[in-house]
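Trainee: Start from chain X and add chain Z according to the hints.
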Amino acid sequence: MDYKDYYKIMGLERGASQDDVKRAYRKLARKYHPDVSKEADAEILFKDLGEAYAVLKDPEKRAAYDQLGANWKAGQNFQPPPDWDAGFEFGGGNRGGDYSAHSDFFETLFGHGFGSAGADRGRSGFQARGEDHHAKVLINIEDAYHGETREITLRTPEIGRSGHVTTKQRTLSVRIPKGIQQGQRIRLPGQGAPGIGDNSAGDLYLEIEFNPHTIYRVEGRDIYFDLPVAPWEAALGATVKAPTPEGAVDLKIPKGTSSGRKLRLKKRGIPGSPPGDLYAEVTITLPPADSDNAVELYRKLENELAYNPRRKLGV
Amino acid sequence: MNQEVSTGILLDETTELTLSELSQACSSSTEWVIELVDEGILEYTGQRKSQWRFSGTSLLRARTAMRLQHDLEINLAGVALALDLMEQLETMRERLRRLEVANRS
Numbered sequence: 001m002d003y004k005d006y007y008k009i010m011g012l013e014r015g016a017s018q019d020d021v022k023r024a025y026r027k028l029a030r031k032y033h034p035d036v037s038k039e040a041d042a043e044i045l046f047k048d049l050g051e052a053y054a055v056l057k058d059p060e061k062r063a064a065y066d067q068l069g070a071n072w073k074a075g076q077n078f079q080p081p082p083d084w085d086a087g088f089e090f091g092g093g094n095r096g097g098d099y100s101a102h103s104d105f106f107e108t109l110f111g112h113g114f115g116s117a118g119a120d121r122g123r124s125g126f127q128a129r130g131e132d133h134h135a136k137v138l139i140n141i142e143d144a145y146h147g148e149t150r151e152i153t154l155r156t157p158e159i160g161r162s163g164h165v166t167t168k169q170r171t172l173s174v175r176i177p178k179g180i181q182q183g184q185r186i187r188l189p190g191q192g193a194p195g196i197g198d199n200s201a202g203d204l205y206l207e208i209e210f211n212p213h214t215i216y217r218v219e220g221r222d223i224y225f226d227l228p229v230a231p232w233e234a235a236l237g238a239t240v241k242a243p244t245p246e247g248a249v250d251l252k253i254p255k256g257t258s259s260g261r262k263l264r265l266k267k268r269g270i271p272g273s274p275p276g277d278l279y280a281e282v283t284i285t286l287p288p289a290d291s292d293n294a295v296e297l298y299r300k301l302e303n304e305l306a307y308n309p310r311r312k313l314g315v
Numbered sequence: 001m002n003q004e005v006s007t008g009i010l011l012d013e014t015t016e017l018t019l020s021e022l023s024q025a026c027s028s029s030t031e032w033v034i035e036l037v038d039e040g041i042l043e044y045t046g047q048r049k050s051q052w053r054f055s056g057t058s059l060l061r062a063r064t065a066m067r068l069q070h071d072l073e074i075n076l077a078g079v080a081l082a083l084d085l086m087e088q089l090e091t092m093r094e095r096l097r098r099l100e101v102a103n104r105s
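Sequence order for the protein chains is X and Z.
Each residue of the first sequence is one higher than the one before, starting from 1 at the first, in the numbering used here.
Each residue of the second sequence is one higher than the one before, starting from 1 at the first, in the numbering used here.
Worth flagging that the hints you see were computed from the coordinates, not collected in a lab.
Ideal Cβ positions, reconstructed from N, Cα and C, are used throughout, including at glycine.
Any given hint might turn out to be false.
To be verified - Capping the alpha-carbon separation at 20 Å, the derived lysine to aspartate or glutamate pairs in EDC-like fashion look like this:
#1 X:Lys47 / X:Glu107
#2 X:Lys136 / Z:Asp12
#3 X:Lys136 / X:Glu209
#4 X:Lys267 / Z:Glu35
#5 X:Lys38 / Z:Asp84
#6 X:Lys168 / X:Glu131
#7 X:Lys178 / Z:Glu94
#8 X:Lys266 / Z:Glu87
#9 X:Lys262 / Z:Glu87
#10 X:Lys57 / Z:Glu73
#11 X:Lys38 / X:Asp290
#12 X:Lys267 / Z:Glu94
#13 X:Lys136 / X:Glu148
#14 Z:Lys49 / Z:Glu21
#15 X:Lys38 / Z:Glu21
To be verified - Each pair of labels, with its calculated beta carbon distance range:
#16 Z:Thr30 / X:Val240: 56 to 62 Å
#17 Z:Met86 / X:Gly256: 36 to 42 Å
#18 Z:Glu35 / X:Gly256: 56 to 62 Å
#19 Z:Arg95 / X:Arg155: 38 to 44 Å
#20 X:Arg170 / Z:Thr45: 33 to 39 Å
#21 X:Glu304 / Z:Met86: 53 to 59 Å
#22 Z:Glu35 / X:Pro189: 24 to 30 Å
#23 Z:Thr14 / X:Gly256: 42 to 48 Å
#24 Z:Leu60 / X:Leu301: 50 to 56 Å
To be verified - Residues on chain Z that point at chain X, a partial pick, calculated with CB under 7 Å:
#25 Thr7
#26 Gly8
#27 Gln24
#28 Asp71
#29 Leu72
#30 Leu76
#31 Leu99
#32 Val101
So here's chain X without its partners, still in its complex pose (with noise of 0.2 Å):
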């Protein structure tokens, strides 16, 4: 297990005061919220922060937490002296948002048995009908197009007779709508926590994700790739072969087309009403110069169009 060093991820010393730390949660909570955010590893960047605060903001997890000592750095392979909490206090356990999974040396520390954080999930206690599940489902972008069976695995953590949480797997085999979107949801009736007695069970909500995918990125029903071109290509104008997650097909590149330059393929994005579109974006790639041969044809080039690529800068 890693130690993890709070203060360091909330960017304090070891003396901050309450009023600081609080002050450095929310601002650093405003810059990483995955839900405002834009950074690649937000939502990571969250959760370690939240995990922070948690500890950081309870003067007694706090206490508990200093007495470790500060020589630890992080990243270093951990264990908790024994009885390490021995001689705390503790008060209630609070709950988090969405993003609250703590890392196991968090867990280890300050989970079940520390204070009364472990009754956390009698929260909704005696409720008849059974809890709403929420989970996070990774498809292809070919997926989106076809509408395919999809088989998830799901870990739902479950408290045992002894108090402790073992996680159940089960699997689950789900056809994924044509057209679904990425953040999209889907609901499964009678899918979630089961309902106690004769009650009905919760539902189960899937929200989808795409996989990262090697040659596309994708902004809601469209689609993006990179297209390199050959410059002769890019020049006089060619029909090339292009890739869609439906299958190759043939693409007109029009005469003088430009780096950069996008080329929309209609209706080839995600399927729905209205379907995505598919945008090609060229990128001219140069042909290498390793052979005499290829360098005599750029010396050419060269030679004989006089071209200045420069000159819109006046040099």
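Mentor: Showing chain Z alone in chain X's frame:
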């Protein structure tokens, strides 16, 4: 693996959720959802509360509101403002993308 295939309901603009379905899905009380309505964060159709219907996309908005409220410790008026600004930002990004396409073709 021999298994039954589950077919779900896609939550888009055309799907309808009742007040209790929406609050269930947010693991929250109906009162909290009503607060979102009062703040203008969610919109519904229908007359009496028992007939309120929310679009499928309301769920995304409600859950985002819940995360912002909890994680950033802001009140619902602040959440409403943040959601509106985020929406405007998204619209402008979309326009920018379209203009880039138009300029280059």
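Trainee: Does Lys178 (chain X) pair with Glu94 (chain Z) here, judged by a C-alpha cut-off of 20 Å?
Mentor: 23 Å, violated
Trainee: Just to be careful, I want the Cα atoms of Lys136 (chain X) and Asp12 (chain Z) compared with a cutoff of 20 Å; is the pair within it?
Mentor: 17 Å, holds
Trainee: Under 7 Å, Cβ to Cβ, is where Leu76 (chain Z) needs to be relative to chain X, so tell me if that hint holds or is violated.
Mentor: 15 Å, violated
Trainee: Could you say whether the range 24 to 30 Å given as a hint is met by the Cβ separation of Glu35 (chain Z) and Pro189 (chain X)?
Mentor: 26 Å, holds
Trainee: Taking 20 Å as the top limit, are the C-alpha atoms of Lys266 (chain X) and Glu87 (chain Z) close enough?
Mentor: With a Cα-Cα distance of about 26 Å, the restraint between Lys266 (chain X) and Glu87 (chain Z) is violated, given a limit of 20 Å.
Trainee: Is 38 to 44 Å respected by the C-beta to C-beta distance linking Arg95 (chain Z) and Arg155 (chain X)?
Mentor: Taking Cβ atoms as reference, Arg95 (chain Z) and Arg155 (chain X) lie about 41 Å apart, which means the hint holds.
Trainee: Going by Cβ atoms only, is Thr7 (chain Z) closer than 7 Å to chain X?
Mentor: 5 Å, holds
Trainee: Hint check: Lys136 (chain X) vs Glu148 (chain X), CA-CA at most 20 Å. Holds or violated?
Mentor: OK: Lys136 (chain X) and Glu148 (chain X) at ~17 Å, within 20 Å.
Trainee: Do the beta carbons of Glu304 (chain X) and Met86 (chain Z) sit within 53 to 59 Å of each other?
Mentor: The hinted range 53 to 59 Å holds for Glu304 (chain X) and Met86 (chain Z), with Cβ atoms some 55 Å apart.
Trainee: CA of Lys49 (chain Z) to CA of Glu21 (chain Z), is that 20 Å or under?
Mentor: With Cα atoms ~13 Å apart, Lys49 (chain Z) and Glu21 (chain Z) stay inside 20 Å; holds.
Trainee: Looking only at beta-carbon atoms, does the pair Thr14 (chain Z), Gly256 (chain X) fall within the given range of 42 to 48 Å?
Mentor: 44 Å, holds
Trainee: With chain X as the partner, please determine if Asp71 (chain Z) meets the hint condition of a C-beta pair closer than 7 Å.
Mentor: Holds. Min distance 5 Å.
When held up to the earlier numbered hints, the structure conflicts with 4, 7, 8, 9, 11, 15, 30, 31 and fits the remainder.
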